[in-house]
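Colleague: Residue numbers (the working numbering), protein chains in the order written: chain A, 11 to 121; chain B, 138 to 250.
Since the hints were derived computationally from the structure, they do not count as laboratory data.
Since the structure is predicted, the reported quantities are computational estimates derived from the model, not experimental observations.
A portion of the hints provided could be inaccurate.
Distance condition first, Cα-Cα at most 16 Å in a straight line; then the derived EDC-like pairs of lysine to aspartate or glutamate [what the hints assert, rightly or not]: (1) K21/A with D96/A; (2) K186/B with E109/A; (3) K205/B with D139/B; (4) K186/B with D204/B; (5) K214/B with D154/B; (6) K186/B with D107/A.
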Amino acid sequence: NAGVIQTPRHKVTGKGQEATLWCEPISGHSAVFWYRQTIVQGLEFLTYFRNQAPIDDSGMPKERFSAQMPNQSHSTLKIQSTQPQDSAVYLCASSPDKEVFFGKGTRLTVV
Amino acid sequence: GDSVTQKQGQVTLSEDDFLFINCTYSTTTYPTLLWYVQYPGQGPQLLLKVTTANNKGISRGFEATYDKGTTSFHLQKASVQESDSAVYFCALVLNSAGNKLTFGIGTRVLVRP
Chain A
11 NAGVIQTPRH
21 KVTGKGQEAT
31 LWCEPISGHS
41 AVFWYRQTIV
51 QGLEFLTYFR
61 NQAPIDDSGM
71 PKERFSAQMP
81 NQSHSTLKIQ
91 STQPQDSAVY
101 LCASSPDKEV
111 FFGKGTRLTV
121 V
Chain B
138 GDSVTQKQGQ
148 VTLSEDDFLF
158 INCTYSTTTY
168 PTLLWYVQYP
178 GQGPQLLLKV
188 TTANNKGISR
198 GFEATYDKGT
208 TSFHLQKASV
218 QESDSAVYFC
228 ALVLNSAGNK
238 LTFGIGTRVL
248 VRP
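Sequences are here, hints too, so could you generate the full structure?
Modeller: Structure, rendered in structure tokens:
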């Protein structure tokens, strides 16, 4: 069990460019989550899928951010027109039931 | 809405010191309270879960309890080691499925040898 796999581990984008972050949840886990981690805000919930269906995107910024889960083996978080304030570690997590397992995160730096 | 508050930003200790981290919570439902630990370059991982007031969760020498009267919960360890250096987060479960979480800001614990 390799755990939740996130790629890339580090990504640098220029301001205004698009960034796509990938997550492979643990096989058999029905729920997938995206969180954003910064020093100032800590861990912030972004969005949540269950059995590939979007359940709760209450934490997603209304503009520029979108998440998909096209199949049970991967989810993507896309940020359009990236801004310096989007710089953060983006964490994906999956859950079979109650326990949540996090990936190592993707560190996004917008320059 | 439901929330947790964790005020201690950083704690610096020496080996064998006592560690105590406190959080407060706010919820209208029966709380499930968690402690996560994050080591450098890793994602957070579950350390302890507490679901009953004044009962203890114990794992790897860490102990967690919560006090319904003061709506607080804390994490403690009697004797820390250098390997305990990490960031510790308290968290509150927000949904009935038990897996949507809201986190405290985190406490960075540095244990000097």
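Colleague: Each hint: holds or not?
Modeller: How the hints compare with the structure:
1. K21/A with D96/A: holds, 12 Å
2. K186/B with E109/A: holds, 10 Å
3. K205/B with D139/B: holds, 15 Å
4. K186/B with D204/B: OK: K186/B and D204/B at ~14 Å, within 16 Å.
5. K214/B with D154/B: holds, 9 Å
6. K186/B with D107/A: holds, 14 Å
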